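A.B. asks: One-letter residues, chain by chain:
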Amino acid sequence: MSGLPILEVEKVSKRFGRFVALNEVTARFEAKKLSAIIGPNGAGKSTFFNVVSGAFPPSEGRLKFQGRDITGLAQHEFARIGIAKSFQITNVFQQLSAHENVRVAAQMRASRYNLLTPRAALRDLSDKASALLERVGLGALQHRPAADLAHGQQRALEVAMALASDPVLLLMDEPTAGMSPEETRVMMDLIVALAAERTVILVEHKMKLVMGICERLLVLHHGEFLAEGTPDEIRANDEVRRVYLGQG
Amino acid sequence: MEFTPSLLALQLVTGIALGAIYALLAIGLSLIFGMLTVVNFAHGAFFMVGAFVGVYFLGVTGNFWFSLVLTPLVVGAIGLVTERFLVRPLYGRGIDYPLLLTFGLGWVLIEAMRVLFGIEGVPSSTPAALRGSVDLGFGYFPKYRLFLIFATALVVLGLWLFLEKTRYGLIVRAGSRDGEICKVLGVDVARVWLMVFGIGTAIAGLSGVLAAPTRAVNPEMGIPVLAESFVVTVVGGMGSLPGAVVAGLLVGVVFAMTSLFAPAYAELSIFVLMAVVLLVRPQGFFGKAGLLG
Amino acid sequence: MRAVYEAIRRHRVAAVLALLLVFPLLMPYHALAINILIFGLFAVGFNLLFGYTGLLSFGHAAFLGVGSYLTGIAMVHGGWSWWWALALGVASAALAGLVIGYLAIRTRGIYFSMVTLALAQIVYYVFYKAERWTGGENGLRGIQVPAVEVMGLRLDFLDPVTKYYVIFVFVAAALWFVSRLLASPFGAVIEAVRENEKRAAACGYDVARTKLLVFVVSAALCGLAGALRALHLSVVPIDSLHYLQSGQAVMMCLLGGMGTFFGPFVGAAVFLTLEDVVTTVTKHWMAVVGGVFMFFVLFFPAGIWGTFIKRMERAVRA
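Residue numbers (this note's numbering), protein chains in the order written: chain G, 12 to 259; chain W, 119 to 411; chain F, 23 to 340.
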């Protein structure tokens, strides 16, 4: 592996009461690579995602972003330092329009506590939101309330919102969950395009989806990393096949 | 005034008797909140209704024990009607709506008592069987207040047995706002919520009839009580029954001891206690971190 | 009709102010009109936190009361001029908002309502006990404002119509400020926090700090209402600080329409007019208002103005 790792996970454990969801996992992610965390359901993928995206701190271990220790940083700091995420269960501002969803996500970089100037004056934020929505295919629907969008469209909205803060690292939790095959294809194409510009880390349990596009895979099982490597290496790995036998 | 050990001990027991009432109130609140995620802003009003109904039954039957049993049933019945027709329609909406409704209900209940019993309130006295004092060794203590402590302990024990040992109690303990677990157990969620609301308000009514001999019974008596119940639940941890008991006793003792040393600040002291708990441990002594704090 | 509605929406501040400007001419008597102005502001301040940010506080009487008391105390005990006393009232209420807000925001959801009620009761008891300064149970008396001097003009504050328009100036400024705030970038953040806290945090917004800032602004607005009330009544009743007063703010907001700009004003007007009318017919005012409130919670949660707006929006979009 060459270059400074953009994200380092050092001996991270996460316990919920007596249940150990993650057990001393260690991993390094290179910049500008498309990686995926895969594993069967219950492997701890969501927990890993939540720790790495700042939803809650690890019980033990350290998290480093671009060399800087970010363990225990508050959730809102993550987006500010350049880590954005899209949720597994769609989590947008339901009553706001798609456009406003993205616009307010983009506004974070520009202005948080300005009480007096009209936000309509912040034209470039509005333009940025429109551009992002076009990119994810929601250009025509941008003035509809998010609640009115179909499931797949809401997932696309999630992605647009994550991109709005100009993240260096994009974390996506099961981005194709609940999508039709056509929607899935569109999303995967988008992800590949995004991975060319920034680091993308996916969490997925559908192995077939990520095999073709990812440069690196890490297999999680019972809260520990079972294997990691290129898709070919993982495909050839006996343990992984055993674990996944009969599954996606 | 000389602060002898026996004086302090007596005041401590006074605090525990006061705390018993607080504990009951907090238990009722926590039950309703834990199961329905509803903060009953009419809780003080139900307490007040219990006091009035208790005094009424005592007057009509002449028997304190009758009134002690009948009052919670009557108040609980009002609670059942409230849940079924006023609160239930609001579950689908935001969490604030049942709270708002119970707040309005409190106003109606206060006025209802004014209409039924007059704005001055009614006189209340200690039932004959429980008059007099008992020698505790370090001093004489009113028999009735001792009874309060035992009665509360009995109720807490009974509730504990119900929750831990019965199937219905299991459902109540396991239930969450979703009702998922209830559905799996094949239980009608709506019926469980109805019963819990009834039980919670019945306990509030019981605390009212128990407290009646110790204070003035008037339509406004529940107003400060609501705020005090909130203090107890914040200190103990909302949704926690052990928390309600421990915090109730603690708050009662703090109030009583402050009354001894700095009587002007007694009411204030318990609110300050709450503020400190909020600073140091926002979820309360027994509350779960992150869930509510 | 549609064009009129659109015009009103775009210039909502001007529309509201225009209405309030002619209001005294429509009202049967001026004391009611002045009360509506003051409590309308109280409800608007409360609405900022409740309707727009989604935080149901039951302690806002603390800010109304602190505004009233500090203004009164400065004038009665300190001999301050009304203008500086008012400024003190507003600043004190904002400070109270900072302290209470900081403690209350450490809790979530429904817990928040309980905690704000209890914390505000602290303020009630403190002011109740501090008899030397506040008059205790009897309230603070003797706040004299015979005249208001503005640019050489001497206005007779004791004349109800003049009083209305002086108070109106302050309320107008406050409403203008609220409108700007709602239209500002911060206004968008408030909306986001109300809609989905988790999401707002993931976007990078400090939810706790945002809430606290709204809390302080809300408290300051309610403090202004309180200060104006002290000047109007010349006394400060101790009940201003009680949670029943907080409950009134909640009721007015819901009756009128929370989360709308004009709703709280409508709510205040309806509430106070109803109180005036009902108390002449029966003394059981509490039951009537409690019953009406429950009715609205059950069947018209959007409130009078809120429901009207919804219907208009639907008609406009159709």
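Note that these hints are calculated values from the structure, not bench results.
Fair warning: this is a prediction, and the values are worked out from it, not measured in the lab.
You may find that some hints are simply not true.
[Unchecked claim] Calculated from the model, a selection of chain G residues having no Cβ within reach of chain F, i.e. all distances over 12 Å: (1) P51; (2) G72; (3) T82; (4) E88; (5) I92; (6) V103; (7) R114; (8) L133; (9) A151; (10) L152; (11) A173; (12) M199; (13) I224; (14) T241.
[Claimed, not checked] Which bits of chain F does chain W cover? Going by a derived footprint, with three or more residues having C-beta under 8 Å, they are: (15) 42-51; (16) 125-133; (17) 252-260; (18) 316-326.
Positions of the beta carbon are idealized from the N, C-alpha and C atoms, including for glycine.
A.B. asks: Hint by hint, say whether it matches the structure.
C.D. replies: Okay, the hints, checked on the actual structure:
| no. | hint | result |
| --- | --- | --- |
| 1 | P51 | holds (26 Å) |
| 2 | G72 | holds (22 Å) |
| 3 | T82 | holds (18 Å) |
| 4 | E88 | violated (8 Å) |
| 5 | I92 | violated (9 Å) |
| 6 | V103 | violated (7 Å) |
| 7 | R114 | violated (7 Å) |
| 8 | L133 | violated (7 Å) |
| 9 | A151 | holds (17 Å) |
| 10 | L152 | holds (16 Å) |
| 11 | A173 | violated (8 Å) |
| 12 | M199 | holds (23 Å) |
| 13 | I224 | holds (25 Å) |
| 14 | T241 | holds (31 Å) |
| 15 | 42-51 | violated (count 0) |
| 16 | 125-133 | holds (count 8) |
| 17 | 252-260 | violated (count 0) |
| 18 | 316-326 | holds (count 4) |
Of the numbered hints stated above, those contradicted by the structure are hints 4, 5, 6, 7, 8, 11, 15 and 17, listed in ascending order.
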